[in-house]
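This is what each chain is made of:
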Amino acid sequence: MGPLIPNGVIPVEWDSIIAILIGIAFGFVLEASGFSSSRKLAGVFYGYDFAVLKVFFTAALVAVIGVYYMDYLGYLDVSQLYVHPTYLWGAIIGGVIMGVGFVAGGFCPGTSLCAVAIGKIDAMVYVGGIMVGVLIFSELYTFFEPIYEGYFYGNITLEDSLGINPYWFVFIFSIIAIVAFVISDMVSKKQKKIFY
Amino acid sequence: MVKNKIAKVLNFRYIILAAILILLAGGLVLLPKYQKHEGIKPQELLSNVISSERYITTDKLSEKLIYRDPSFILIDVRDEKSYENYSLPNAINIPLEKLLDEDSRAYLNQSQFDVVLFSNDHFYADQAWILCDRLGFKNIRVLKGGLNLWFTTIINPEEPSQSMPAEEFDLYSTRKAASMYFGVVYPEQAQMVESETKIEAPKRVITVQKKKKRAAEGGC
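For the protein sequence lines, the chains are C and U, in the order given. Residue numbering for the first sequence follows our numbering, beginning at 4 and increasing consecutively. Residue numbering for the second sequence follows our numbering, beginning at 2 and increasing consecutively.
Honestly, the hints are just simulated from the structure, not real lab data. A quick note: this is a predicted structure, and the numbers were derived from the prediction, not measured. Beta carbons: idealized from backbone N, C-alpha and C, even for Gly. Keep in mind that a hint or two might mislead.
Claimed, not checked - Label pairs and their calculated CB-CB ranges:
id	chain 1	residue 1	chain 2	residue 2	range
1	U	50	C	133	31 to 39 Å
2	U	45	C	163	29 to 37 Å
3	U	187	C	12	35 to 43 Å
4	C	171	U	149	54 to 62 Å
5	U	24	C	124	40 to 48 Å
6	U	91	C	163	40 to 48 Å
7	U	45	C	127	58 to 66 Å
8	C	133	U	21	35 to 43 Å
9	C	147	U	112	40 to 48 Å
10	U	112	C	124	50 to 58 Å
11	C	127	U	27	41 to 49 Å
What the hints assert, rightly or not - With a cut-off of at most 30 Å between alpha-carbon atoms, the simulated DSSO-like pairs for lysine-lysine come out as follows:
id	chain 1	residue 1	chain 2	residue 2
12	C	195	U	34
13	C	57	U	6
14	C	57	U	139
15	C	192	U	177
16	C	192	U	9
17	U	65	U	82
18	C	123	C	57
19	C	43	U	9
20	U	9	C	193
21	U	4	U	61
22	C	57	U	9
23	U	139	U	37
24	C	196	U	9
25	U	65	U	177
26	U	4	C	192
Said to hold, decoys possible - Sample of chain U residues lacking proximity to chain C, with all beta carbon distances greater than 12 Å (derived):
id	residue
27	15
28	45
29	105
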C-alpha cells in the first residue's frame with residue numbers, strides 16, 4: 004500500500020500541503036522541547052545536555068523500527084522509500100563544515116529557523132550567515148562542482164554497502180543507541196550543573 | 002498510595018522505554034521471514050485463473066472491430082517477426098519477454114482501455130494474462146483460440162451443412178459478412194467488389210496515459 008504518495012493513494016498534488024502541515028508540527032515540537040535554545044543544542048558538545056543526541060537517536064530508532072514492522076506487515080514497501088544519494092566527499096566536507104557551524108553558532112539549520120520564529124537575535128544572525136554561505140557557494144559553484152557532483156555512489160544504504168541484514172542492523176543500532184544514552188547520562192552527571 | 006506507586010514506576014520510565022525499544026528491535030530479528038508476494042494474493046490469482054471470464058470470443062472481437070469500438074486495445078504477444086507477417090488491425094506488438102518492461106506497462110496497467118491479448122493459440126496470451134493478473138492489472142482479456150481460431154471462424158468460416166440448425170446459418174452469415182469486412186472476397190461477389198475501392202480502417206493511434214507512479218523524491 005505505502006508509501007502513500009508514490010503509489011497514488013494520496014494524489015501528488017497534496018504533497019506540498021502535507022509538507023507544510025508536517026513542517027508546522029515539526030517546528031512546534033522543536034520549539035516546545037526547547038530546541039530553539041542554542042545553549043541546549045551546544046550542550047551536547049560540552050557535555051551538560053544531551054537532549055539533542057537523545058531526541059534524534061530516539062526519533063531515528065522509532066522511525067526505523069516502525070518502518071520495518073510496517074514493511075513486514077505489508078503496509079509499506081521499504082524498497083520504494085526515498086534514499087538520499089551519496090556523494091561521498093561532498094557529504095564528508097559538508098558534514099565537517101556543518102559541524103563547525105553547529106558548535107560555533109549553537110544551531111542547526113532547522114532549529115535556527117525555529118528560533119528566528121520566536122525572535123532570537125542570535126538565530127537571525129545565524130540565518131544571515133547561512134544566506135552568506137549559500138551566496139558564496141553559488142558564486143563559486145564551478146569551483147566546487149567536481150566535489151559536489153563527484154564521488155557519486157548512488158542511492159545506497161548501509162544494507163547495500165555493508166551487506167548487513169537490515170533487521171540485525173536495527174537491533175544493533177538500538178543497542179548502540181541505548182548504550183549511548185547511558186554513557187551520555189553518566190557524562191552529564193559528572194559535569195558541573197550549568198543553568199541556562 | 003496510588004500516586005506513590007505510579008511515581009515509583011515512573012522512576013524507571015527511561016529503563017522501561019529502553020527495554021521496549023530493544024524488545025521491538027529484537028522482535029524484528031526474531032520474526033519468521035517469509036517471501037513477499039508482489040501483486041495480488043495467491044488465492045485471488047487462483048480464483049481468477051479458474052474463471053473463464055478472462056476470455057473473449059473471436060465473434061465478439063470481430064464485432065468490436067467492425068463497430069470500431071474505441072474502448073479496447075489489442076496486444077499481440079507473439080514475437081516481432083510473426084507480428085510483421087500478420088496481425089489483427091491496430092494491434093500493438095508486445096512480445097512476451099518484453100511484457101513487463103516499463104514501456105509495456107503503460108499499456109497494460111491502466112484503467113482507460115480494456116486490453117485483449119492474443120497469440121497464435123491462446124497459450125502464450127494466457128501466460129501473459131497470468132503475469133499481468135498477478136501484478137493486479139485490471140481489464141485484461143485473452144482472445145480464446147487466438148489467431149488460429151480467428152482464421153477458422155472469422156476469416157474462413159466453415160459453411161454449415163444442410164442438416165444443421167438455423168442458428169448455425171445465422172452465425173455463418175454473420176461470420177461471412179465479418180470476413181468480407183476484413184478483406185476476404187467471395188467468388189459470388191467478385192464482380193461487385195471490383196469497382197469498389199477497398200476501405201481500409203484508419204490506423205488508430207492509441208495514447209495511454211501513464212499511470213502516475215513516481216519514484217519518491219525529496220529529502221531533508
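Results of checking the hints against the structure:
Checked against the hint of 31 to 39 Å, the pair residue 50 of chain U and residue 133 of chain C fails, with Cβ atoms roughly 60 Å apart. Distance hint for residue 45 of chain U and residue 163 of chain C: a CB-CB separation of about 33 Å, consistent with the stated range 29 to 37 Å. Distance hint for residue 187 of chain U and residue 12 of chain C: a CB-CB separation of about 56 Å, inconsistent with the stated range 35 to 43 Å. Separated by about 55 Å at the C-beta atoms, residue 171 of chain C and residue 149 of chain U satisfy the suggested range of 54 to 62 Å.
About 46 Å separates the C-beta atoms of residue 24 of chain U and residue 124 of chain C, a value consistent with the hinted range of 40 to 48 Å. The given range of 40 to 48 Å is respected by residue 91 of chain U and residue 163 of chain C, whose C-beta atoms sit roughly 45 Å from each other. For residue 45 of chain U paired with residue 127 of chain C, a C-beta distance near 59 Å keeps the hint of 58 to 66 Å intact. Distance hint for residue 133 of chain C and residue 21 of chain U: a CB-CB separation of about 38 Å, consistent with the stated range 35 to 43 Å.
The hinted range of 40 to 48 Å is satisfied by residue 147 of chain C and residue 112 of chain U, whose Cβ atoms lie roughly 47 Å apart. Look at residue 112 of chain U against residue 124 of chain C: about 57 Å separates their beta carbons, and that is inside 50 to 58 Å. At roughly 46 Å, the beta carbons of residue 127 of chain C and residue 27 of chain U sit within the given window of 41 to 49 Å. Straight-line distance between C-alpha atoms of residue 195 of chain C and residue 34 of chain U comes to about 49 Å, which puts the hinted pair past the 30 Å bound.
Distance restraint check for residue 57 of chain C and residue 6 of chain U: the Cα-Cα separation of roughly 27 Å lies within the 30 Å cut-off, and the hinted pair is therefore satisfied. For the hint pairing residue 57 of chain C with residue 139 of chain U, the CA-to-CA distance comes to about 48 Å; that exceeds 30 Å, so the pair is violated. Under the criterion of a C-alpha separation no larger than 30 Å, the hint pairing residue 192 of chain C with residue 177 of chain U is inconsistent with the structure, at around 96 Å. Annotation: proposed proximity of residue 192 of chain C to residue 9 of chain U holds, straight-line Cα distance about 21 Å (limit 30 Å).
As the CA atoms of residue 65 of chain U and residue 82 of chain U are separated by approximately 26 Å, the hinted pair is consistent with the 30 Å bound. The straight-line distance between the Cα atoms of residue 123 of chain C and residue 57 of chain C is roughly 24 Å, inside the 30 Å bound, and the hint therefore holds. Between the alpha carbons of residue 43 of chain C and residue 9 of chain U the distance comes to roughly 28 Å, so the proposed pair stays at or under 30 Å and holds. Under the criterion of a C-alpha separation no larger than 30 Å, the hint pairing residue 9 of chain U with residue 193 of chain C is consistent with the structure, at around 25 Å.
Simply put, residue 4 of chain U and residue 61 of chain U have alpha-carbon atoms about 78 Å apart, too far for the 30 Å limit, and the pair is violated. Taking the CA atoms of residue 57 of chain C and residue 9 of chain U, the gap is near 23 Å; set against the 30 Å cutoff, the hint holds. For the hint pairing residue 139 of chain U with residue 37 of chain U, the CA-to-CA distance comes to about 21 Å; that is within 30 Å, so the pair holds. About 25 Å separates the Cα atoms of residue 196 of chain C and residue 9 of chain U, which keeps this hinted pair within 30 Å; it holds.
Taken as a hint, the residue 65 of chain U and residue 177 of chain U pair is honoured in the structure, with Cα atoms around 16 Å apart against an allowance of 30 Å. Restraint check: the Cα-Cα separation between residue 4 of chain U and residue 192 of chain C comes to about 28 Å, which is no more than 30 Å; the hinted pair holds. A beta-carbon of chain C comes within 12 Å of the beta-carbon of residue 15 of chain U; the shortest separation is about 8 Å. For residue 45 of chain U, the shortest C-beta to C-beta distance to chain C comes to about 14 Å, beyond the 12 Å cut-off, and the non-interface label holds.
Non-interface status of residue 105 of chain U relative to chain C is upheld: no Cβ of that chain comes within 12 Å, the nearest being about 19 Å off.
In this structure, the hints that do not hold are numbers 1, 3, 12, 14, 15, 21 and 27, in rising order.
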